[in-house]
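Just so you know, the sequences run in chain order A and B.
Yeah, the first sequence ends on 581 if you go by the working numbering, and it's all consecutive.
Yeah, the second sequence ends on 772 if you go by the working numbering, and it's all consecutive.
Simulated from the structure, these hints should not be mistaken for lab results.
Do not rely on the hints blindly, as some may be mistaken.
[Claimed, not checked] Using 20 Å as the maximum straight-line C-alpha spacing, the simulated EDC-like pairs for lysine to aspartate or glutamate come out as follows:
#1 60/A with 79/A
#2 729/B with 551/A
#3 729/B with 705/B
#4 729/B with 671/B
#5 363/A with 340/A
#6 729/B with 520/A
#7 252/A with 229/A
#8 729/B with 76/A
#9 60/A with 176/A
All of these numbers come straight from a predicted model, not from anything done at the bench.
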Amino acid sequence: MADRPEPTELSSGPTHHLVPSFSDLVVLVPTREDLLLLIERIPPWVSEWVGKTPREIEGQPISAIAGEIAEALAAVGEDVLADGRPIEDYCVEFTDTTGRDRAVMIAAHRVENYRLAPASRARERANESGPAVLLHLQDVSQSVHLRRRAAGVGSFHGLIGRSQAMLEVFYKIEVYGPTDAPVVVSGETGTGKELVARALHERSPRRDRPFVAVNCTALSEDLFESELFGHERGAFTGAVRSHKGRFERANTGTLFLDEIGDMPQRTQAKLLRVLEQGIFERVGGEREEHVNVRILAATNLSLEQAVAVHRFRSDLYHRLSVLRIHVPPLREREGDLPVLVEHFLEILNERYGRKGVRLTPDALRLLSEYHWPGNVRELRNVLERVYVETPGQAIGRNAFTEWVRERDYLTAGGWNLERLETQRAAAPAIITPARPDQEYRISGPGAGGQDFPQPLTRYPGSDPRSFPLALPHGALGPEGRRTMDAAYSVERPLPQKPKPLCEETIRRAFAEAHGNATQAARSLGVHKATLYRHMKALGLQREDLAGAPAAPTPTSGVTDAESSETNDHEPKP
Amino acid sequence: MSEEIEQLIRSHAGTVVVHLTEPILHGDPETEGIAAELGQWGTDISVVHAVFSLHRDWARKYRVHGTPCTLVFRAGELRLRAKGRYGRGQLHALLEQAGLLEPL
Numbered sequence: 009m010a011d012r013p014e015p016t017e018l019s020s021g022p023t024h025h026l027v028p029s030f031s032d033l034v035v036l037v038p039t040r041e042d043l044l045l046l047i048e049r050i051p052p053w054v055s056e057w058v059g060k061t062p063r064e065i066e067g068q069p070i071s072a073i074a075g076e077i078a079e080a081l082a083a084v085g086e087d088v089l090a091d092g093r094p095i096e097d098y099c100v101e102f103t104d105t106t107g108r109d110r111a112v113m114i115a116a117h118r119v120e121n122y123r124l125a126p127a128s129r130a131r132e133r134a135n136e137s138g139p140a141v142l143l144h145l146q147d148v149s150q151s152v153h154l155r156r157r158a159a160g161v162g163s164f165h166g167l168i169g170r171s172q173a174m175l176e177v178f179y180k181i182e183v184y185g186p187t188d189a190p191v192v193v194s195g196e197t198g199t200g201k202e203l204v205a206r207a208l209h210e211r212s213p214r215r216d217r218p219f220v221a222v223n224c225t226a227l228s229e230d231l232f233e234s235e236l237f238g239h240e241r242g243a244f245t246g247a248v249r250s251h252k253g254r255f256e257r258a259n260t261g262t263l264f265l266d267e268i269g270d271m272p273q274r275t276q277a278k279l280l281r282v283l284e285q286g287i288f289e290r291v292g293g294e295r296e297e298h299v300n301v302r303i304l305a306a307t308n309l310s311l312e313q314a315v316a317v318h319r320f321r322s323d324l325y326h327r328l329s330v331l332r333i334h335v336p337p338l339r340e341r342e343g344d345l346p347v348l349v350e351h352f353l354e355i356l357n358e359r360y361g362r363k364g365v366r367l368t369p370d371a372l373r374l375l376s377e378y379h380w381p382g383n384v385r386e387l388r389n390v391l392e393r394v395y396v397e398t399p400g401q402a403i404g405r406n407a408f409t410e411w412v413r414e415r416d417y418l419t420a421g422g423w424n425l426e427r428l429e430t431q432r433a434a435a436p437a438i439i440t441p442a443r444p445d446q447e448y449r450i451s452g453p454g455a456g457g458q459d460f461p462q463p464l465t466r467y468p469g470s471d472p473r474s475f476p477l478a479l480p481h482g483a484l485g486p487e488g489r490r491t492m493d494a495a496y497s498v499e500r501p502l503p504q505k506p507k508p509l510c511e512e513t514i515r516r517a518f519a520e521a522h523g524n525a526t527q528a529a530r531s532l533g534v535h536k537a538t539l540y541r542h543m544k545a546l547g548l549q550r551e552d553l554a555g556a557p558a559a560p561t562p563t564s565g566v567t568d569a570e571s572s573e574t575n576d577h578e579p580k581p
Numbered sequence: 669m670s671e672e673i674e675q676l677i678r679s680h681a682g683t684v685v686v687h688l689t690e691p692i693l694h695g696d697p698e699t700e701g702i703a704a705e706l707g708q709w710g711t712d713i714s715v716v717h718a719v720f721s722l723h724r725d726w727a728r729k730y731r732v733h734g735t736p737c738t739l740v741f742r743a744g745e746l747r748l749r750a751k752g753r754y755g756r757g758q759l760h761a762l763l764e765q766a767g768l769l770e771p772l
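Input sequences plus hints: build the corresponding full structure.
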């Protein structure tokens with residue numbers, strides 16, 4: 009669009025309106041008979057759309073000009089002139105005379121006592137002074153084109169979605185990508201922030217240059233600077249050779265700083281210097297290094313809050329937050345779930361060499377009712393789990409039974425594996441991947457509890473120690489249902505509560521393991537943490553047990569009958 | 669598809685509000701909120717949310733060439749045409765002023 013010149017006064021006197029002359033201004037005035045609207049003034053870039061020059065059409069009735077845009081302007085002009093209500097942000101899409109798709113944003117309002125310019129060609133048919141409609145036009149063809157293009161593609165640089173929220177993201181990627189400005193991508197965990205960063209890189213002129221990603225939470229504070237800026241040989245203990253940092257590796261390309269809210273404060277100051285001047289020094293180095301790197305950052309925290317509590321430098325925040333993209337959580341992406349499910353099932357079909365596996369509408373409904381705190385990542389993992397567990401082509405609602413139970417448990421508070429295990433065993437599962445060393449009784453549908461004595465089958469090539477994944481072909485019920493929708497039930501023994509450990513058992517285990525707690529725990533069949541808990545309850549110190557001989561059996565002072573029983577089965581030292 | 673809108677306008681005894689929008693361009697929360705509320709503003713209002721690009725020819729008949737736009741019909745006749753972006757209060761006031769929120 010052409011630049012806007014300064015407004016100029018076209019009329020004067022107490023009854024005349026001050027009309028600014030902008031290059032985006034179209035002025036329509038009614039004829040003396042109020043029958044038609046004449047074009048009093050039109051900028052060249054607008055007249056081009058109807059294949060004419062301003063000189064050719066100024067003074068002409070707008071209705072006499074062919075073209076969609078002329079028709080739209082006439083309609084807007086007539087409405088505003090008739091009822092005096094201004095119009096704002098009215099977007100008209102049309103095809104110009106050269107066949108190009110265009111879009112224009114229109115704002116229109118009526119003015120009274122508009123005075124025609126002295127050289128106006130409308131003077132012949134319009135009153136010298138009277139009402140007029142001023143239309144401000146803004147060419148938005150480019151942004152509308154980008155939005156339409158993004159909407160037409162369900163997949164955008166690996167990002168899947170058709171929801172309005174994701175279309176906004178795609179649009180911003182299109183607009184921000186080609187710039188060199190830093191972009192902060194925010195969003196909950198699992199929403200695909202790194203994919204957005206990669207898409208920004210792909211849309212930039214740096215697409216053929218390196219894209220280097222750093223996770224700010226994955227590196228310790230000590231290592232961070234060295235990893236980011238590199239180090240010289242001998243800079244610290246263990247620095248046996250000089251090392252190029254991520255900044256140098258990303259030179260002329262893009263550096264993606266994931267979870268930037270967790271970046272150590274000391275590093276933030278150095279990062280600011282690179283952003284401001286493109287200069288840094290390696291750890292232990294004396295020479296300044298120059299780099300040309302575009303910074304993209306992602307965070308699942310509020311950077312504003314981090315600034316407020318002085319965890320994040322405000323100057324760095326302002327330098328980084330030039331452009332922002334917020335990736336919406338899955339629960340806010342209306343209509344995207346089926347598209348994502350389809351996408352992931354396609355990937356899984358390819359990976360596992362199966363064809364046409366799909367979710368039943370009921371299953372899809374179940375998924376759409378969930379709030380997905382883990383977002384797309386959680387959806388992908390859940391789908392892979394049920395995909396692997398379901399041998400048939402249709403994955404039904406019941407395939408998600410165990411997942412539903414687990415997620416409800418998780419939502420209810422606390423992740424306690426022991427309790428979960430008990431709950432799993434107690435609740436009637438539709439199907440549960442079996443442990444190979446446990447006996448199961450599987451009842452099939454329609455056969456009054458038909459038993460399937462055959463072992464559960466495994467996929468070819470699978471690890472024999474892994475869980476069986478499929479029901480045996482010959483073991484299906486009379487209806488031949490093989491999907492998870494079939495009403496199979498699995499009964500499994502309740503897990504045995506481990507017997508309490510006594511002092512003597514613990515001492516012996518430590519002695520046999522030569523004081524190694526991990527080995528001792530393993531020999532007792534408990535987790536190391538469990539062993540420590542028992543030790544604490546018995547007032548035993550690890551130092552006392554390390555290398556200590558086992559306590560003599562009956563005189564150890566243990567009065568617990570259960571403990572004595574346990575000891576009876578153990579070999580005497 | 670547009671025939672269905674036309675049929676509704678002709679058959680509905682009360683007010684028919686046709687909210688034309690282009691979701692790609694105007695998918696902001698306020699516009700969506702207003703569109704969702706329209707039906708609750710009057711006792712006898714029937715609301716149609718239509719994607720402009722799917723009803724372009726039909727809309728042209730009512731001299732609508734862009735979005736967003738709200739057309740209000742009563743007894744089969746066009747009574748109000750509000751082009752461009754309107755705030756919640758503005759649109760409500762407009763409909764009220766035109767007496768379009770009252771039952772026939």
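Taking the hints in turn, this is what the structure says about them:
no., hint, verdict
1, 60/A with 79/A, "holds, 15 Å"
2, 729/B with 551/A, "violated, 91 Å"
3, 729/B with 705/B, "violated, 26 Å"
4, 729/B with 671/B, "holds, 13 Å"
5, 363/A with 340/A, "violated, 31 Å"
6, 729/B with 520/A, "violated, 92 Å"
7, 252/A with 229/A, "holds, 18 Å"
8, 729/B with 76/A, "holds, 13 Å"
9, 60/A with 176/A, "violated, 36 Å"
Taken one by one, the earlier hints fail for this structure at numbers 2, 3, 5, 6 and 9, listed in ascending order.
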